[in-house]
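First to last, the sequence lines map onto chains A and B.
Under numbering that gives the first Met the number 0, think of the first position of the first sequence as 0, with each following residue one higher.
Under numbering that gives the first Met the number 0, think of the first position of the second sequence as 0, with each following residue one higher.
Keep in mind that the hints were calculated from the coordinates and are not lab data.
Any given hint could turn out to be false.
Unchecked claim - Computed cross-link-like contacts, BS3-like style, restricted to lysine-lysine with a CA-CA straight-line distance of at most 25 Å:
id, chain 1, residue 1, chain 2, residue 2
1, A, Lys281, A, Lys66
2, A, Lys140, B, Lys416
3, A, Lys272, B, Lys411
4, B, Lys416, B, Lys443
5, A, Lys170, B, Lys151
6, B, Lys67, B, Lys141
7, A, Lys110, B, Lys411
8, B, Lys20, A, Lys2
None of these values were measured; they are calculated from a predicted model.
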Amino acid sequence: MKKSTWIIAFLALTFAGDRLGGWALGTIIRDGQFRYSKLYRPEAGCDILFAGSSRGLIFYQPYIEAKTGLTTCNLSYNGLPLEMAAALLKDHLDRHTPPKVLLIEVTMLDKRMNENLTANFNLYAPYSERLSVLLKEKFPKVYYGGEVSHLYRYNGEVFQRALYYWKRPDKDWLLDRVISPTMIANVTNQPVFNFDYTDEMLVQLADVVAYAKAKGVHVELVVNPYYPPFAATIGNLDVLTAAIEKATGIPVRNYATSVTDQEGFGDYQHLNKRGSRLFIDKLLEDEVLPALEKKE
Amino acid sequence: MIFNSLTFLIFVAIFLPVYFKLKGRARLLLALGGSYLFYGWWDWRFLSLIVISTLVDFVLGLKMSLAKDAPSRKKLLYVSMVLNLGFLGFFKYFDFFTESLVTMLQSLGLSPSMHTLGIILPVGISFYTFQSLSYTIDIYRKKLNPEPDVLKFATFVAFWPQLVAGPIVRASDFLPQFRKDHDFDWNRAMSGTAQVLWGFFKKVAIADSLAPFVEQCFAEPQAFASVNLIIAVVFYSFQIYCDFSGYSDIAIGFARILGFDFPANFRTPYFSRSFSEFWTRWHISLSSWLRDYLYIPLGGNRHGTANTYKNLMLTMVLGGLWHGANWTFVFWGFLHGIYLVVQRLWGHTFGVMMCALRFPKILQSTINIALVYFFTNVAWIFFRSPDLATAMQVINGIAGLEGFAFVNVMNKFVVLKGFLLTGMLLAVEITDFKWGYGRLVLQKPAFRVASFAVLLWLIAIFGTFGSNAFIYFQF
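So here's chain A without its partners, still in its complex pose:
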């Protein structure tokens, strides 16, 4: 074959493989059990909706469903930035029957969240105008890169998780380990932990709360538990909750020190399954979550 024919063959193969691969991965993702795949399918309505960062993952869904008899969806993700959470929440509210309760874990109002995570959601951009707009604005190279190469849309951890949860439910996603003795010993050496939030974040949260309320959703804002000695190192949690209450007009339920069982923590900021059950029992006790007998 002529050299020019080989070049054309190479370009054609690269393009066709990219499109075919993109289509195949897209099909897998669309049909998967991962939370965002379900979000962008019509059937994923639920009674209780959760959102947050990795600290929002500790709403252990199997236990909540058993205790309340209600269906749950969780849009939380490790390091999920608020603007991304807001887009996902609004998409959920637009596409499905509004939930009875929406619980937002508010410590995600922090600049330390992973802003680049938004770029990872490129694989869901074809299903959401809101996501596409956000990506175009924040990560134009990533968005247009995904237009040029469809395989590139699947470049990121969100895709890997979506693939992992292709055939299995993700409601069990909670790191189930016990805090290490080294971490326990080091907690006193931790520097003061301050939330680094912005006014823009407060406005975004107020906006999403108002959006949910307008759809008739009961919204609860909560601070999930911290390992108590670590909670003592937080400098401005009260300031943060006061600012949120002022911005949203609804109270923040502060559970920062509500779980004291050391065995209930995976690390300073995350409960394990044992701790999550203890925490959920408190939420039920305080009627933040509707208990089984009260669901009607």
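Please arrange chain B on chain A, whose structure you already have, making use of the hints.
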């Protein structure tokens, strides 16, 4: 300018067609101008260092060849060494030695009033200094005739593919290649492109995917369970390999497209069965430079066992220091020196013991490879750590074996991806080693087309496109 950036892609897209369009001195001028642009994109002020080194070594080379006696030649060589090593010493080591001296004097109860200057390290200075030095040393040794054309010499020193992170190409290998214009050659372009793509895959897909996990663990080792620290060390061994050998592949590949042959810089180093073999497979251009211009002039292995060990240690420690102005690099070099000495002392006995125990050959090789890899990783801990205290924290964290369970592995998806990619790397390297996969790519056009496409798809899915600098830029 770094290879994994959009700017570089634009640069190459313009440079290559113009390069092949031009001939003779016009082409050389473009190569030199392109190289200075490539370097100056980072910081144009430091171009002056390259230009001064180039001009001085060019003139000294000519003068050395005209000098009538050995002492005169030696004086000229000293001028070259003082200038080149002076630049290197000042920009790379001044602050380090000042700080170390202040710390030492303070520990003696003195309070010296010495200050560091906060000097910026010019990118690639260690590489082009060694490259340029090899030229004057070889002329001094009468192994090389001086290059009479300043344009060719300047292009040799600053040639953009390997200017900032090697491979360190000897003048005797490189300069003769300037004697004729290289026309565009389809087969060279294809094999060069294959190496460039493979280098990009190693850098942007493997090295940059492993980097965040490694970074997290080495930033705060006391916060991580031992299983994470072990993974971080293993990942770092592949991160640095893929980062550096990826750069070398891209450099060698582009040079080949442009018509130049550079020697290989890496040959599957983690399959080495001894430490001496490791150093013939890892950063070959530096290790052979150190062998030829330091170890052998020191006496090599010619003056008895004790002197051999002393020369080995000195060479490895200075090799460590070449990498960076930090005691961690010095200790890394020291460890490798110890490994080489220990291997000379007991390596043979160990081999005899395995034979006596009737270990099959393959088991012997596996044990040797595992041991070399293990001890290389111990040394990498020091190389990667910001200071010796952090390195000890990592070692203590691993040795404590606390939380040695799968559940304690953090970022499991990142870890899974890391192992998947390193698995791919090993699969390709093994198949290449065993069945000549690389030759197949070059010989069968259909296989070549498919390989290029697959590499591009893999880069699209697994690549990290944040224009992360290459690790060896800091050296």
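Status of the hints after comparison with the structure:
For the given pair, lysine 281 of chain A sits about 12 Å from lysine 66 of chain A by alpha-carbon distance, which is consistent with the 25 Å threshold. Straight-line distance between C-alpha atoms of lysine 140 of chain A and lysine 416 of chain B comes to about 23 Å, which keeps the hinted pair within the 25 Å bound. A threshold of 25 Å between alpha carbons decides the hint, and for lysine 272 of chain A with lysine 411 of chain B the separation of about 18 Å falls inside it, so the pair holds. Of the supplied pair hints, the one linking lysine 416 of chain B and lysine 443 of chain B is violated, its CA atoms being roughly 31 Å apart against a limit of 25 Å.
Taking the CA atoms of lysine 170 of chain A and lysine 151 of chain B, the gap is near 66 Å; set against the 25 Å cutoff, the hint is violated. Between lysine 67 of chain B and lysine 141 of chain B, the direct Cα distance comes to roughly 13 Å. Compliance with the 25 Å bound is thereby established for this hinted pair. Taking the CA atoms of lysine 110 of chain A and lysine 411 of chain B, the gap is near 24 Å; set against the 25 Å cutoff, the hint holds. Only pairs whose Cα atoms come within 25 Å are accepted, and lysine 20 of chain B paired with lysine 2 of chain A is accepted, the gap being roughly 19 Å.
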